[in-house]
Amino acid sequence: MIIDAGHWLIEVRRHRPLVHNMTNLVVANVVANALLAIGASPVMAYAHEEVQDMARIAGALALNMGTLTPDLITGMLLAGKAAEEARVPVVFDPVGVGATPYRVQAADKVATQLRLTVLKGNAGEIGGMAGAGGTVSGVDAAAVASGLAGAMVQYARHHHNVVVATGEQDFVTDGQTLWILNNGHPWLARITGSGCMLTGIIGAFLAVADKQREAIPFAEACAAAITCFNVAAEKAAEGAQGPGTFAARLFDALNLLDPDEVNRMARVECRQV
Amino acid sequence: MIIDAGHWLIEVRRHRPLVHNMTNLVVANVVANALLAIGASPVMAYAHEEVQDMARIAGALALNMGTLTPDLITGMLLAGKAAEEARVPVVFDPVGVGATPYRVQAADKVATQLRLTVLKGNAGEIGGMAGAGGTVSGVDAAAVASGLAGAMVQYARHHHNVVVATGEQDFVTDGQTLWILNNGHPWLARITGSGCMLTGIIGAFLAVADKQREAIPFAEACAAAITCFNVAAEKAAEGAQGPGTFAARLFDALNLLDPDEVNRMARVECRQV
Amino acid sequence: MIIDAGHWLIEVRRHRPLVHNMTNLVVANVVANALLAIGASPVMAYAHEEVQDMARIAGALALNMGTLTPDLITGMLLAGKAAEEARVPVVFDPVGVGATPYRVQAADKVATQLRLTVLKGNAGEIGGMAGAGGTVSGVDAAAVASGLAGAMVQYARHHHNVVVATGEQDFVTDGQTLWILNNGHPWLARITGSGCMLTGIIGAFLAVADKQREAIPFAEACAAAITCFNVAAEKAAEGAQGPGTFAARLFDALNLLDPDEVNRMARVECRQV
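Residue numbers (this note's numbering), protein chains in the order written: chain A, 922 to 1194; chain B, 922 to 1194; chain C, 922 to 1194.
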């Protein structure tokens, strides 16, 4: 067993970490429900007047720019600086970066002005941010993955953080180790907010990472979070009849998730890079 | 039978009251669905340009500061003043008050500048607002409840309104009578927005309260609303496999809720104080 | 068979059109899920800094003023002008128009400053916009429908666009042809966002309309979109126990929707006017 994802799950449920989410208005509800279901404690707060206070008392700060505005970006920077000072880990999900010039600027601003613990997105988004090129269609998947993983490793080394790219396979790296995660279900791509839920859940796992050790546990926390979430998706798909019943059952599965079963079902590869 | 909650439910379904909700972006969808399911008519409106007009034509105004901003608070004050002038009842839910100084200020502003019909929150929030102290962990539950209920009674007498505190037991008081409500289900705490749905539903019940009589029917409306909602939760939990299927079934249960069954299942205590 | 709705569905699934939604915060989640379920690709973007860029790359722009603000209306005008220049079809849903003077002003502003491809609302909203009078209670339904349909035809001729009014029967007209659509289920009125989901789905169908031909295919696209959505609702209602399980099953049904079955179940009338 490469990572003990089940143990991470137990720790999340034991600590019930408070995750401060600044997420988009499309998915705020499902992000909160996913965090509640897995055993964490979500809070959503956006006002510039309070985001610093909220970030300081949180176990982690999860930033998601899905429905970004200038006000939201300013709020994220305020919250992120406060989190940094209070040694609260920060995960940033640059949703839709590359779709418009404004998204590119906004994501760059957040990624350069904050010291992110984790940069997390789908393969296209992370490829865009890490310089592997944003467009993947028509290219051999293995080559893309290889190119993507290489760019992620460089980015993680340069920024001293963890980089996560999701897709059919999920990649996590801290610049030294590369995790390749093979759980999940195609229906995750047929419901809105699956990636955003995972960003929140990564926040919960970061919150229980041992802050004494440096980069390693944060990357492991990400790999464990992704594995738990994706195993829950596999469980939820059993007996679901489509994306609607799958979405409802996903919260059930997160709630019922058994640590031992997570470890039995986990399909994780790990390479030193 | 101390209150005829089933009769209140019938009245809500008969009048289909329009409830103007200014609620948070995490739960707006489920609040609207809960109101539709129980037989009321929800509307969400936030623009300063229209909140006064909307509040005047509504049967009740339900204010929830979950994802508060300065703009939202200003809008709530505009809507609340208009509601007051039009004798439209107002329920205020100071979500998360105490978590940050800004939330304390904002809740105080709303509670002092508006004549609230009902102040409603969970035990920690109401304890904070009513002066019973916001922290409850490690203290004997009965003593806390007793301290909380006492503070609620004082607050209600001072402000001539109704105070509601939810939790394992729910308390409602108008300063003369104290209702102790014992229905509900633990899964309500595992989905986001259950408290916010209840705030909206309290609005619907306030809207059908006889406005000729003073404080009494509003408190009774709250006790009836809570009982109906919590009995629906008990029904929804039957056959649910977790918080996801429970949430879907909660709307079914609100829709199917039988007035006679509500009264049979109601576990209500009532004391003169 | 008057329209081949099943063929339209196949085209949507084949092209997976990107629909740029500027919708209200109550329903954004379910609109995104409905579009994903039927096979389209939703994006929500609101910032003035990016709405023009997003509208230009989208297959359609869907505007919904449910929780309108001055900022949102300004953003809609920016996006709508950009869409017009790029020949991207635009559907506008004036949610709640008539409820407040501000909504009337805002809807008029959008409808006069943009060249809308489709104006879509419920019977009361479209009656208000098209001049048939907004109040329908106590009036003979057939007469209202007749009056409504007449007003819609005049509006469509005057504005050279398509007008859609939903209700127990749904009406679509481009000023020459009137479609009367008879599918659907009463539970659609018991969940929030069913009309808003349909607005998004109409966007997806507009995106695959042949832009070479003028008004005709857009009206047909609307009739096909409504028929597909309403047949899915009929399927979803089978086995549902109330609005909550119905809502979950609606996404399943949109996902599973069979083109041949849509055509078999379609109840469509068509008249030259």
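Some hints here could point you the wrong way.
Because identical chains cannot be distinguished in the list, a pair is counted as satisfied if it fits within a single copy or across any two copies.
In the SDA-like style, the derived pairs of lysine to any residue whose C-alpha atoms are separated by at most 25 Å in a straight line are [what the hints assert, rightly or not]:
1. Lys1030 x Asn1103
2. Lys1030 x Val1189
3. Lys1002 x His1106
4. Lys1002 x Arg1111
5. Lys1002 x Thr990
6. Lys1030 x Gln1162
7. Lys1002 x His1080
8. Lys1030 x Ser962
9. Lys1030 x Arg1188
10. Lys1030 x Arg937
11. Lys1030 x Pro1180
12. Lys1002 x Glu1190
No lab work stands behind these hints, which were simulated from the structure alone.
Cross-check of the supplied hints:
In this homomeric assembly, Lys1030 and Asn1103 never come within 25 Å of each other (Cα to Cα): the closest approach is 32 Å inside a single copy and 51 Å across copies. For a Cα distance limit of 25 Å, the shortest separation of Lys1030 from Val1189 qualifies neither inside one copy, at 33 Å, nor across copies, at 53 Å. For a Cα distance limit of 25 Å, the shortest separation of Lys1002 from His1106 qualifies neither inside one copy, at 36 Å, nor across copies, at 40 Å. In this assembly of identical chains, Lys1002 and Arg1111 lie within 25 Å of each other by CA distance neither inside one copy nor across copies; the values are 35 Å within and 31 Å between.
For the homomeric pair Lys1002 and Thr990, the shortest alpha-carbon distances inside one copy (19 Å) and between copies (20 Å) are both at most 25 Å. Proximity of Lys1030 and Gln1162 under a CA criterion of 25 Å is satisfied in neither setting, with 42 Å inside one chain copy and 43 Å between copies. For the identical chains of this complex, Lys1002 and His1080 are intra-copy neighbours only, at 16 Å inside a copy versus 41 Å across copies, given an alpha-carbon limit of 25 Å. With identical chains, the CA atoms of Lys1030 and Ser962 are never at most 25 Å apart, being 28 Å at best within one copy and 27 Å at best between copies.
In the homo-oligomer, the alpha carbons of Lys1030 and Arg1188 never lie at most 25 Å apart, since the shortest distance is 35 Å inside one protomer and 53 Å across protomers. Taking the shortest Cα distances, Lys1030 and Arg937 never come within 25 Å of each other, neither inside one copy (31 Å) nor across copies (32 Å). Taking the shortest Cα distances, Lys1030 and Pro1180 never come within 25 Å of each other, neither inside one copy (38 Å) nor across copies (46 Å). In the homo-oligomer, the alpha carbons of Lys1002 and Glu1190 never lie at most 25 Å apart, since the shortest distance is 34 Å inside one protomer and 50 Å across protomers.
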